[in-house]
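Engineer: For the record, the sequence lines run as chains A and B.
Residue numbers 1 to 271, in UniProt numbering, belong to the letters of the first sequence in order.
Residue numbers 1 to 276, in UniProt numbering, belong to the letters of the second sequence in order.
Bear in mind the hints are in silico, worked out from the structure with no lab data behind them.
Treat the hints with care, since some could be wrong.
Which chain B residues stay away from chain A? Per the calculated CB distances, all over 12 Å, these [what the hints assert, rightly or not]:
#: 1; residue: G26
#: 2; residue: D177
#: 3; residue: E197
#: 4; residue: R221
#: 5; residue: L247
#: 6; residue: V249
Just the calculated beta-carbon pair ranges, DEER-fashion [stated by the list, open to error]:
#: 7; chain 1: B; residue 1: R126; chain 2: A; residue 2: L33; range: 52 to 62 Å
#: 8; chain 1: B; residue 1: T250; chain 2: A; residue 2: K267; range: 55 to 65 Å
#: 9; chain 1: B; residue 1: Q193; chain 2: A; residue 2: K267; range: 30 to 40 Å
Note that the structure is predicted; figures quoted are calculated from it, not measured.
All residues carry an ideal CB built from backbone N, CA and C; glycine is no exception.
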Amino acid sequence: MSDQPIIDLSEPRLASSWSAATGSWLPAVILLLVTIVLWEAAVRIFAISAFIIPAPSEIAKSLVAQWGTLMQATLVTAGEILFGFLVSVVVGIAIALVIVRFDWLGRALYPLVVLFQNVPKVALAPIFILWFGYGLAPKIGLILVIAFFPVTLSMLAGMQSVDRSLLSLMNSVGASPTQILFRIRVPHSLPNLMAGTKIAATLSVIGAIVGEFAGASDGLGYVIQFASTQLDTALVFAALLLVSVLGIAFYYAAEILERIVVPWAPKFSQS
Amino acid sequence: MRIETIRAAGDRPAHIRHDDLISAKGVSVVMARQLILRNIDLSVPKGSFVSLIGPSGCGKSTLLKVLAGLVQPTQGSVSIAGLAPVEAARKRMIGLVFQDANLLPWKNAVDNASMLLGIADKSLSRSDLRARGQEMLELVGLGDSAHKRPNELSGGMRQRVAIARALALDPAVLLMDEPFGALDAITRDSMGQSLLEIWQRTGKTIVLVTHSIDEAIHLSRHVHVLGIKPGRITESLDIALPYPRDLSVTEDPEFVRLVVQLRTMLRSSHQPGGAS
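Okay, chain A solo, but in the shape it has when bound (with noise of 0.2 Å):
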C-alpha cells in the first residue's frame, strides 16, 4: 500500500492533462473567432442594415462609447442578481430542511411545491411589479420563485439518498432524528446541493433580466429595452455581451464554491 512506485508516471499524466485542457479550449476559440470574422464579412458585403444586425465592430463601438452606462446598468443587475441568488438559496435549502425533518408538513408541502414548479414564472413579473414597485424588491422575489426549486430538489435528493446501513449504525447507538439530519443528511447532500446552487446561478441572470423586463429604470434589462426602442442594436447586442459575462462569472463562482465547500465530493476526487 505505501510501497514506492517504480515507475513515475506524474509527469506524462500532468503532460496529458495539460494537452487535454489546451485541447478542450481551442477549438472553441478558434470557432468563435472564425464566427466573428464570418459576421462581420458578411454584414459589410451584404450591406446589412446595422439595426437589424449590427457588425462586431459596431457592437465594439458602441460598447466603448457607451461604457459608463453600462457598467453602471451591470452593476445594478449584477447586485440583483447576487441578492436574489443568495435568497434563492437559503429558502430553497429551509424549505428542503423543513420537508425532511418534520413529515406530515413535508407531505403537506412537497407536492405544492412541485406544482408550483409548473407556473410559468415569467408570467408572475407583472404582478411582483405591481404588488412590490419599480426596485429591487420583484427582481428579488422573481428570482426566488424562478431559482429556489433546484436548490430544494436537489438537496431533497442528497438528503435521501443517505445509505439505509447507515442510517441503521445511528438508530442502533439511539442517534435523534435531528442529529441524523445535521449530522449525516445535510453534509451527505452538500454535492447535491452545490450542483443545485450552479443552476440556481444561472436561473438568477433569467430572473434578473425578466424583472428588468417587466418594469425598471436601471439595470442591463432595462437597456436592452430602451436600446431596443430607439433602434439601437448595437447597444442591445452589447448589453447581451454583459449579461453573457455576468451569466459565465456567476456560474464560475458557484463553481469555485463547490470545490471550497465539499473538496470531498467524487468528482474532484484524484483515485
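Take the given structure of chain A and dock chain B to it, following the hints.
Structural biologist: What follows is chain B alone, placed relative to chain A:
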C-alpha cells in the same frame, strides 16, 4: 430437525448455557407475508467467534439484524446479556459492521472511527473522541492513516475504519454482515487474519455472517448453517482447530475435512424445508 428435537426434550434448549452472551429463542420473522426465519434457536457463548453461513436468501442477514435490534422478531425473543437488543445497542453493547463501510466522505479516518461513539456518548470532548479514534485505528492497523479521507483509502482500509468505528463503542459483541464480501481474495484473507488478531486481543464476542466456507472455518469457533425457505438453522459445526490460527491453517488436513463437511451441509441446506 435436530434443534427442534432438542427443544422438545426440555423447556430450555440443552445447548443454551449460562455463559451465553446472546441467546435467541424460537425466533421467527415474517416480512411482507413471507416467512423469512423460522424458529431460530441460537446461542453465542461470551467471547466466542460464531459464523452464520448459508445460501443467498436464507435470512442470515435478517437474523443478524434481529440480534442487532434493527428487526423485531415476529415471534420469539432475543437477549443480549439479559437485555433486549435495542436496549443493549443503546448501552453501546453492540458494534455493527456491514458489507459497505459507509464512512462519511467528509470526515477523515480518525473522525469516522469516533463518529458513532460521539453520538452515543455526548459527554466526550472532541479530543477524547480523537484519542479514542486514534487508539482504535491503531488496533486495526491504520494508525498512520488517521488524517486520510475515505476516498484516499483502499476498500480494505475503509473496512478497517468501519471495524474501528464499531470497536470504539467498546461493545460486548461485534455483529458483522459479510464485512469482507466486497473485497478481493487476497485483501479478504489478510482482513480475516487481522480480525482474528483483534478478536484475540480484545476478547470481544463476534458473530459473522458470511457466504465463504473458508472464511467461516478459518475464523470461527462455531459455525451455524442456515437453510432456505424458510430460513432456519439446519446444522451446527464446532471448529476444533486450535487458536491462534493463521492462514497456514487452511493447509491443515482437519481444515480440509471441515471444508468438505461444511460444503456437504450447505448443499443439503439448499433443499427447501417447508414441512416439519
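Engineer: Please go over all the hints and tell whether each is borne out by the structure.
Structural biologist: Results of checking the hints against the structure:
Once the 12 Å rule is applied to beta carbons, G26 (chain B) is consistent with being away from chain A; the minimum gap is 24 Å. Chain A draws D177 (chain B) into its interface by the beta-carbon criterion, the shortest separation being 8 Å against a cut-off of 12 Å. Every CB of chain A is more than 12 Å from the CB of E197 (chain B) (nearest about 18 Å), matching its label as outside the interface. Distance to chain A confirms R221 (chain B) as a non-interface residue, since its nearest Cβ pair spans about 25 Å, more than 12 Å.
The beta carbon of L247 (chain B) is kept farther than 12 Å from every beta carbon of chain A, the shortest such distance being approximately 19 Å. With a minimum CB-CB distance of about 25 Å to chain A, V249 (chain B) clears the 12 Å threshold, and the non-interface call stands. R126 (chain B) and L33 (chain A) have their C-beta atoms about 56 Å apart, which keeps the hinted 52 to 62 Å range intact. Separation of T250 (chain B) from K267 (chain A) is about 42 Å and departs from the stated range, judged on CB atoms against 55 to 65 Å.
Remark: the range hint 30 to 40 Å for Q193 (chain B) to K267 (chain A) is upheld by a beta-carbon distance near 36 Å.
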